[in-house]
Structure formats: C-alpha cells, structure tokens
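Q: Take a look at the letters that make up each chain.
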Amino acid sequence: MSALSSIEELGLPAAARSAVVVDVSSDHGLLEAARTGDEAAFAELVRRYRNQITNYVYRMTNDYDLAVDLAQETFLRVYRAADRYQTSYAFSTYIYRIATNLAISELRRRKRRRLVSLTGFFQEREHGGEPAELDPADVRPLQDVSLVADERRAAVARAIATLPDKYRAPLVLRDIEERSYDEIAGILELSEGTVKSRISRARAFLRDKLQGYL
Amino acid sequence: MSSCQQCQTEIETAARPDALTARATEHLSACAACRTLQTERRRLRQLIGELEPVGAPPDFDMRLRARIAAQERAPAPFSLWLFTPRAVGLAAAASLVLVLGVTLGWRARQPASTGNAAPSLAQVNSPVAQRPQVEPTQISRAGVSSAVAENSSAGDALPFRSGKRAASVGRHESARLNARRSVRSLPDVQDAGLAGVSAITAHGVEDQMASLSPIAVPVPASAQPLKVLLRDTQGAARVVSIEPVSFGSRDLLGARAQTTPSKATNEQGVW
Numbered sequence: 001m002s003a004l005s006s007i008e009e010l011g012l013p014a015a016a017r018s019a020v021v022v023d024v025s026s027d028h029g030l031l032e033a034a035r036t037g038d039e040a041a042f043a044e045l046v047r048r049y050r051n052q053i054t055n056y057v058y059r060m061t062n063d064y065d066l067a068v069d070l071a072q073e074t075f076l077r078v079y080r081a082a083d084r085y086q087t088s089y090a091f092s093t094y095i096y097r098i099a100t101n102l103a104i105s106e107l108r109r110r111k112r113r114r115l116v117s118l119t120g121f122f123q124e125r126e127h128g129g130e131p132a133e134l135d136p137a138d139v140r141p142l143q144d145v146s147l148v149a150d151e152r153r154a155a156v157a158r159a160i161a162t163l164p165d166k167y168r169a170p171l172v173l174r175d176i177e178e179r180s181y182d183e184i185a186g187i188l189e190l191s192e193g194t195v196k197s198r199i200s201r202a203r204a205f206l207r208d209k210l211q212g213y214l
Numbered sequence: 215m216s217s218c219q220q221c222q223t224e225i226e227t228a229a230r231p232d233a234l235t236a237r238a239t240e241h242l243s244a245c246a247a248c249r250t251l252q253t254e255r256r257r258l259r260q261l262i263g264e265l266e267p268v269g270a271p272p273d274f275d276m277r278l279r280a281r282i283a284a285q286e287r288a289p290a291p292f293s294l295w296l297f298t299p300r301a302v303g304l305a306a307a308a309s310l311v312l313v314l315g316v317t318l319g320w321r322a323r324q325p326a327s328t329g330n331a332a333p334s335l336a337q338v339n340s341p342v343a344q345r346p347q348v349e350p351t352q353i354s355r356a357g358v359s360s361a362v363a364e365n366s367s368a369g370d371a372l373p374f375r376s377g378k379r380a381a382s383v384g385r386h387e388s389a390r391l392n393a394r395r396s397v398r399s400l401p402d403v404q405d406a407g408l409a410g411v412s413a414i415t416a417h418g419v420e421d422q423m424a425s426l427s428p429i430a431v432p433v434p435a436s437a438q439p440l441k442v443l444l445r446d447t448q449g450a451a452r453v454v455s456i457e458p459v460s461f462g463s464r465d466l467l468g469a470r471a472q473t474t475p476s477k478a479t480n481e482q483g484v485w
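Protein sequence lines, in the order shown, are assigned to chains G and S.
Going by the numbering used here, the letters in the first sequence line up with residues 1 to 214, in that order.
Going by the numbering used here, the letters in the second sequence line up with residues 215 to 485, in that order.
Treat the hints loosely; a few may be bogus.
[Said to hold, decoys possible] Selected chain G positions facing chain S (Cβ under 8 Å, derived; list incomplete):
1) F75
2) R153
3) Y213
[What the hints assert, rightly or not] Derived pair list, reagent style SDA-like, types lysine to any residue, alpha-carbon separation capped at 25 Å:
4) K166/G x L102/G
5) K166/G x R259/S
6) K166/G x E266/S
7) K209/G x Q260/S
8) K166/G x D83/G
9) K166/G x Q260/S
10) K166/G x P267/S
11) K196/G x H241/S
12) K196/G x T239/S
13) K166/G x G263/S
14) K209/G x R249/S
15) K166/G x R257/S
16) K196/G x E177/G
17) K111/G x N101/G
18) K196/G x R112/G
19) K209/G x G263/S
20) K209/G x V268/S
21) K209/G x H241/S
22) K196/G x R249/S
[Unchecked claim] Calculated Cβ distances over 10 Å to all of chain S for the following chain G residues:
23) R50
24) Y85
25) Q86
26) F91
27) E106
28) K111
29) E189
It should be emphasised that the hints constitute simulated quantities derived from the structure, not laboratory data.
A quick note: this is a predicted structure, and the numbers were derived from the prediction, not measured.
C-beta atoms are modelled at their ideal positions from N, C-alpha and C, and glycine is treated no differently.
Build out the structure end to end from the sequences listed, making use of the hints.
A: Next comes the structure, spelled out in structure tokens:
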C-alpha cells in the first residue's frame, strides 16, 4: 500500500478537495479561519451559537440581560483564546463549557451578594427549615388560561433557577438544550455516570418544587 | 427490585419517556411505582418543554464587535510577564537607581559636617594658656614637629585627647569644653596660623614643616578662639589660642561673645 503524496491522488472533485483541505463549513474550520484574521468566519460562528448560548445562560441565570452579557463574554473569550483552541473535542463542547463556567461564576458571585430578608431569617430560626426566598413562587394556578400558561412557565423557570448549580447545569443541558450525556460529560468535565445521577436528582428536585403543576 | 432500578434508569436516560425497551415496558405494566415515575417524568418534560427558547437580541453582533474592539484598544491586563527574570531584573535595576538617586540627593542637602563645638585646649591655669603669644624663637628652639588644629569632632580622634596628655587638662578646662560644644569656632588653621607658620619657616624648620600635611578646617563665623596645638620632638606640647579675626567688627565680636558664655578673658587666647 503506497502512501499518498498529494491530495490529488485521492481522485476527489475540486470541491471535495477544497473541503478536505479547509472545511470552512465546520466549526473547527471557521475557528481556524478566524484565527488567521477572518472576521467573517468568526461572525459565522457567532451566528451559529449566539441563540443557543444566550438561551442556555438564560435558563441558568433566569436573567435575560445577564444572559446576553455572559453570552457575549463567552464569544469574547473564544475570540481571545482562538490561538489556544485545541480540536481534540467539539467546538460546541468548548463554547458550552466556557458559558457554563461563566454562568456558575456569576451565580456564585451573586449568591454572595444576595440579601436575605429578616423575615426569612426569623422564619428559618423558628421552624428550623430553609430560609424563605425573597420572591417565593405562588403555587396556586391562575384562572385565566393564558395567564395560567405564563405563570406555569415562570414557575418552571424559577424552579430551575433555584436548583443547586451542580444539578442545574446538567438538567438544562439535557432537558432544554437536548445535549447528549456524552457531550454533557465533556462540557462539565464529569463522568457520564455522574451526569446521569445529577440529572436524575435535578428532576426529583423539580418534581418537588412543581408539585402543583404535575 | 433490580428490575425496578433498571426500569427507572431507563426512564431517566431515555430520549423520550415512552421510548423504552420491551423489558422495561413489561415491567411497567406490573409496577405501579415505576409507572408513577414515568408519568411524573413525562409531565415534567412537558413543563420544561413549554419554556419558550429565548434568542440573542438583534444588536448582539454589533455589541460583541464593540466589546472586542474596546478590548483590543485597552492596555494589556496584568500578566505573568511581570514575573519573568527579565522583568525582575529591570525592576531591581530601577529600584537601585532610585535608591542611589534619593541617597545622593539627601546627602547633597546635608550641611557640611563640622562638629558641634571647638573644644578649647587652653587652660586658664595652664602654663600654655598663661603664655598665649608664642614666640617664634621659642618654637625654633623647641623644634616644632607638628601643628594640630583641634575642633570638637577631630579632637576626639586626636592622640592628644586620647593619650596621657589629655590628663593634663584640668577639670576646669573640661567644664569649659562642655560649655563650648555648641559653638562652632573653626577658622582655617592655615589662615589663622599663617603668621606662626611663616615665623617657623623663617627660623629654618622648612624641612620639618614641609612634611606636615595641611589641615583644612571649615571656617564658620564664630567668636570662639581657635586652639592650635604645637608639639615638639621631645613630646612637649603647647596650645595656642587664636582669636577669630573679623575685620573691623571687633565690637560685634565682643557682642557675640557675650551671648556665648565663656570664661576666657581678653588676655587669654588672644594672639
């Protein structure tokens, strides 16, 4: 079996040969082109992922402005670190990992700054339970149909947003972003078994929080 | 039990809760708990599925470009470059230059160190003090070996002060020394003793005087007399007191002398 000396020996048509050399349609190809200064390639990457990343961060934070800001920061980091990007894993895994880390960091920062009402503090002490939330969800469904649907969606979003970080990210990636377990494991840098376990726990938490809607 | 666990795992991990294997489906028909779990999971997915996806705002790209441009214009952030050996060397060199500059600047601003006072070696009761006017002939006979001008700072280092000859200075003189420590009285020994040196030279001791190195003493204005120690080859020493000369201002000197208490009389130490 003789080794190929050039790509022409494959006998591929010209279009296929150019696709083999630089597949600009793939994420890797676009990032490679962006690395060499092709702004249009980077713009195409942004166009492909801006809605996904914004939606994902929004479900993680339940704050649209923050989600847009963090999504932009995600792309900014991709742009800055284009030279260090390694093609050993999918670009989607790479960008979701950046977005996840940014979102969790921001959530933890906000958690430290979060005010706790004195009422919630004393309720916690008196009943020995968890502290009351500043904006507790009203579990009673509204009568109007459209309002009921809106309220239900808002309740689900709040319930997801109140999940612990380690359960929220895999749940959103699986049930909202519909990523595979393998990819979620790559994004969160966890084993696939841990991801499955956490998703199961997250659903159990949600079931308890959304008891009135099930 | 094992069957329930397998069925629940299948329900949890299936792409859709209804897309189960035949074995799990068979188990569901006989297990109410697993059926309940399947129902809850199906309903939960429906609830989550009702969440409308949100998209990026229309100006997302424009804002992103603006942020990228702003960051490229911004100065480089703190980086590990600061800890490279080259950067550390530059920082050390800059610090050294700064320290040297500050030190030299500080020393340049300091006044010349002249000591606190010119201790007078003339003693009221000493024979030397009783004969303030040194005759050139006397010096010539004794054979002058050195002439030392002493001030407070230099005097401490002189052998005369540290040697046995210092013991000859009486207690009264010590009190005078202490009283004058705050007074600067250091006329230039070369100028003040010019007449004496000329007289010595005139009496044939040029060779001996040539070996003497001149002693430069700062000359601050003072009404205190200069004390000059003359030592001969036999070890005998004489101290002469040279009154500072301020041309045409003797009255002024007298007035200043009154401000600085001194036990020296007009007859003492005046050459």
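Q: Confirm or reject each hint.
A: Taking the hints in turn, this is what the structure says about them:
1. With a least beta-carbon distance of about 6 Å to chain S, the hint placing F75/G at the interface is held under the 8 Å criterion.
2. The beta carbon of R153/G is positioned within 8 Å of a beta carbon in chain S (closest approach about 6 Å), and the interface hint is therefore held.
3. Evaluation of the Y213/G hint against chain S yields a held restraint, the C-beta minimum of about 6 Å falling below 8 Å.
4. Taken as a hint, the K166/G and L102/G pair is honoured in the structure, with Cα atoms around 14 Å apart against an allowance of 25 Å.
5. Between K166/G and R259/S, the direct Cα distance comes to roughly 19 Å. Compliance with the 25 Å bound is thereby established for this hinted pair.
6. As the CA atoms of K166/G and E266/S are separated by approximately 23 Å, the hinted pair is consistent with the 25 Å bound.
7. Only pairs whose Cα atoms come within 25 Å are accepted, and K209/G paired with Q260/S is accepted, the gap being roughly 15 Å.
8. With a C-alpha separation of about 30 Å, the suggested pairing of K166/G with D83/G is violated against the 25 Å cut-off.
9. Annotation: proposed proximity of K166/G to Q260/S holds, straight-line Cα distance about 23 Å (limit 25 Å).
10. For the hint pairing K166/G with P267/S, the CA-to-CA distance comes to about 22 Å; that is within 25 Å, so the pair holds.
11. For the hint pairing K196/G with H241/S, the CA-to-CA distance comes to about 21 Å; that is within 25 Å, so the pair holds.
12. With a CA separation close to 21 Å, the supplied pair K196/G and T239/S stays within the 25 Å bound.
13. This hinted pair checks out: K166/G and G263/S have alpha carbons roughly 21 Å apart, not beyond 25 Å.
14. Between K209/G and R249/S the alpha-carbon distance is near 20 Å, which keeps this suggested pair within the 25 Å criterion.
15. For the suggested pair K166/G and R257/S, the alpha carbons sit about 23 Å apart, so the restraint of at most 25 Å is met.
16. Only pairs whose Cα atoms come within 25 Å are accepted, and K196/G paired with E177/G is accepted, the gap being roughly 15 Å.
17. Between K111/G and N101/G the CA atoms are separated by roughly 15 Å; this keeps the pair inside 25 Å, and the hint holds.
18. Distance restraint check for K196/G and R112/G: the Cα-Cα separation of roughly 29 Å exceeds the 25 Å cut-off, and the hinted pair is therefore not satisfied.
19. At most 25 Å may separate the alpha-carbon atoms for a hinted pair to count; K209/G and G263/S meet this at roughly 17 Å.
20. This hinted pair checks out: K209/G and V268/S have alpha carbons roughly 23 Å apart, not beyond 25 Å.
21. Between K209/G and H241/S the alpha-carbon distance is near 28 Å, which puts this suggested pair outside the 25 Å criterion.
22. For the suggested pair K196/G and R249/S, the alpha carbons sit about 20 Å apart, so the restraint of at most 25 Å is met.
23. Look at R50/G: its CB is around 4 Å from the nearest CB on chain S, not clear of 10 Å, so calling it non-interface is violated.
24. With a minimum CB-CB distance of about 16 Å to chain S, Y85/G clears the 10 Å threshold, and the non-interface call stands.
25. For Q86/G, the condition that its CB be more than 10 Å from all CB atoms of chain S holds, with the nearest at approximately 21 Å.
26. The Cβ of F91/G sits about 17 Å from the closest Cβ of chain S, beyond the 10 Å cut-off, so the non-interface label holds.
27. With a closest Cβ-Cβ approach of about 16 Å to chain S, E106/G is found to remain outside the 10 Å limit, as its non-interface label requires.
28. Taking the minimum C-beta to C-beta distance to chain S, about 23 Å, the non-interface status of K111/G holds against the 10 Å cut.
29. Every CB of chain S is more than 10 Å from the CB of E189/G (nearest about 20 Å), matching its label as outside the interface.
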